[in-house]
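Enquirer: Protein chains in written order, with this note's numbering: chain A, 1 to 285; chain B, 1 to 263.
Do not rely on the hints blindly, as some may be mistaken.
[Claimed, not checked] Keeping only pairs whose Cα atoms sit at most 30 Å apart, straight-line, the calculated BS3-like set for lysine-lysine is: (1) A:Lys174 - B:Lys64; (2) B:Lys111 - A:Lys174; (3) A:Lys174 - A:Lys220; (4) B:Lys64 - B:Lys111.
[Claimed, not checked] Derived coverage of chain A by chain B (criterion: at least 3 residues anywhere in the stretch with Cβ under 8 Å from a Cβ of chain B; other residues may be distant): (5) 100-114; (6) 154-162; (7) 175-188; (8) 191-202.
Since the hints were derived computationally from the structure, they do not count as laboratory data.
Note that the Cβ used here is the ideal one computed from N, Cα and C, for glycine as well.
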Amino acid sequence: MTDFFTSVISFDNFGQLVPLVSGSIMAGIVLGVLAGLIGPMIHARDLAFAVHGTSELSFAGASVALYFGVSVTSGAVAGSLIAAVILGMLGVRAKDRNASIGIMLPFGMGIGVLFLSLYKGRSSNKFGLLTGQIVAVDTTQLATLCAVSAFVAIALAIIWRPLFFASVDPAVAKARGIPMRTLSIVFMVLLGLTTAMAIQLVGALLVLSLLITPTAAAAKVTATPTTLCLLSIVFAVIAAVGGILLSLGPGLPISPYVTTISFVTYLVCLPIGALRRRRGWSRRA
Amino acid sequence: MTGAAVTFGDRVLWHDVDLTVRTGEFVAVLGPNGAGKTTMLRVLLGQIPLSAGTATVAGHPVTKGSVDIGYVPQQRSMDALAPIRGRDLVTMGVDGHRWGPRWPSPARRHKVDEAISVVGASSYANAPISQLSGGEQQRLRIAQALVTDPTLMLCDEPLLSLDIRHQAAVTQLIDQARRDRDIGVLFVTHEINPVLPYIDRVAYVAGGRVLVGTPDEVMRSDTLSELYGSPVQVFRRDNRIIVLADEERVPHNHGEHKAKTRD
């Protein structure tokens with residue numbers, strides 16, 4: 001039992017290891033901010049399952065790219081963009097969408113598994129696509145990540161207001177002349193880009209822990225959109241960076257650490273939210 | 001609307017509709033399910049084109065997203081998923097359709113506060129909307145519709161799934177708003193009685209036509225029988241109206257096929 005804990009939690013050589021992964025930590029921060037930023041909109045549009053579907057197609061794209069020896073990042077981006085456009089065109093209704101995602105997801109997964117099995121290179125590359133590998137972030141990857149994140153952040157800032165209106169109050173938003181379908185497609189493209197970036201940190205299987213859990217936790221304790229956004233960024237950054245740091249000592253993949261921190265944040269927010277509700281929410285007379 | 005008609009494929013929903021809602025006038029749109037009551041609102045919102053005739057709002061041809069229109073949809077349980085407050089709903093009514101980030105603005109804040117206090121929702125405007133009752137949510141929706149100072153209010157069954165007390169409160173609010181601000185109100189409902197004390201005229205949609213007039217002119221056995229093309233009985237007692245229509249023989253395509261009672 002003690003063996004298990006020492007092999008999972010360890011701070012041996014922590015001081016020497018941290019400087020070596022400063023690039024990864026940067027990537028963790030950038031990705032955490034990005035995930036925390038887009039999270040509230042995923043939440044408002046009820047897209048958790050779509051994120052999962054997109055990440056599987058992104059995984060398929062990445063494994064195809066790995067097999068053909070081209071950039072894994074561009075493969076992941078291509079895969080998730082295809083998924084995003086298809087899902088965006090399906091419209092905003094969760095009911096229509098979920099079945100199509102359920103059809104797409106295993107197909108993408110299958111393609112991914114096929115090309116990973118055909119791939120003859122290092123097996124850690126294979127595992128990394130599914131469960132994440134950030135320790136080996138090079139400067140090109142970091143630059144791509146920053147550029148894509150900046151693009152997504154700016155685009156989100158421009159479309160945020162009408163998109164949020166369309167997400168939480170579709171009937172009135174439509175009456176106000178908001179282009180619902182166009183916005184839906186644009187947002188799915190942004191989401192696809194984010195997913196493709198997140199896959200490189202936590203892997204296809206665990207993307208949800210960065211894109212969904214931080215916002216879900218934040219939504220338990222606040223109903224103010226701005227606070228929700230800030231809290232979800234803070235939670236996502238803590239999960240991403242904390243996961244990287246904790247995984248250093250034991251030399252294990254970062255994803256279990258990221259997902260556990262994410263999950264614990266949610267568990268902590270749950271009773272706080274229940275308490276707030278019982279006391280009567282925010283000065284309600 | 002003048003000489004207006006809407007066609008889906010080769011089915012004419014209604015035709016030759018002439019209806020003008022004057023400023024400060026409260027018009028109820030009645031009729032069986034599927035007769036095209038909501039379609040009338042969607043035409044005015046620019047979401048469905050007319051196949052004949054013209055439709056104008058505040059003197060302009062209808063456009064999508066006109067600021068002259070305040071729209072109050074059916075009360076559906078607002079998605080509990082989206083953690084927003086009543087105040088955010090009203091704020092979206094002001095500028096939710098604009099692009100770019102929303103910068104803090106005291107003027108907007110003041111406007112939102114005012115709209116919320118007009119509908120008497122100040123005490124719960126900062127609570128999550130998912131925790132409010134249907135009546136409270138509908139009050140906030142009215143604030144959201146009023147915040148742009150519209151000249152026409154379109155209400156699509158705003159009383160649905162509210163209890164009688166809230167039905168009366170919501171109707172009174174809309175009535176008060178149109179009197180104070182000279183707003184024309186087009187109010188789709190399948191129950192006339194909650195709105196009967198307030199309305200000026202009725203637009204009864206049935207059998208592909210729309211009959212417009214005061215409740216006394218329209219809500220009569222002979223006029224409605226003629227409109228439906230089959231016998232309809234209208235009873236009035238103590239300021240309540242009950243319409244008994246033999247829907248088996250009524251020429252419309254959707255809706256229930258049982259005898260239907262409205263009271």
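Enquirer: Run every hint past the structure and note whether it holds.
Expert: Taking the hints in turn, this is what the structure says about them:
no. : hint                : in the structure
1   : A:Lys174 - B:Lys64  : holds (8 Å)
2   : B:Lys111 - A:Lys174 : holds (22 Å)
3   : A:Lys174 - A:Lys220 : holds (28 Å)
4   : B:Lys64 - B:Lys111  : holds (24 Å)
5   : 100-114             : violated (count 0)
6   : 154-162             : holds (count 6)
7   : 175-188             : holds (count 4)
8   : 191-202             : violated (count 0)
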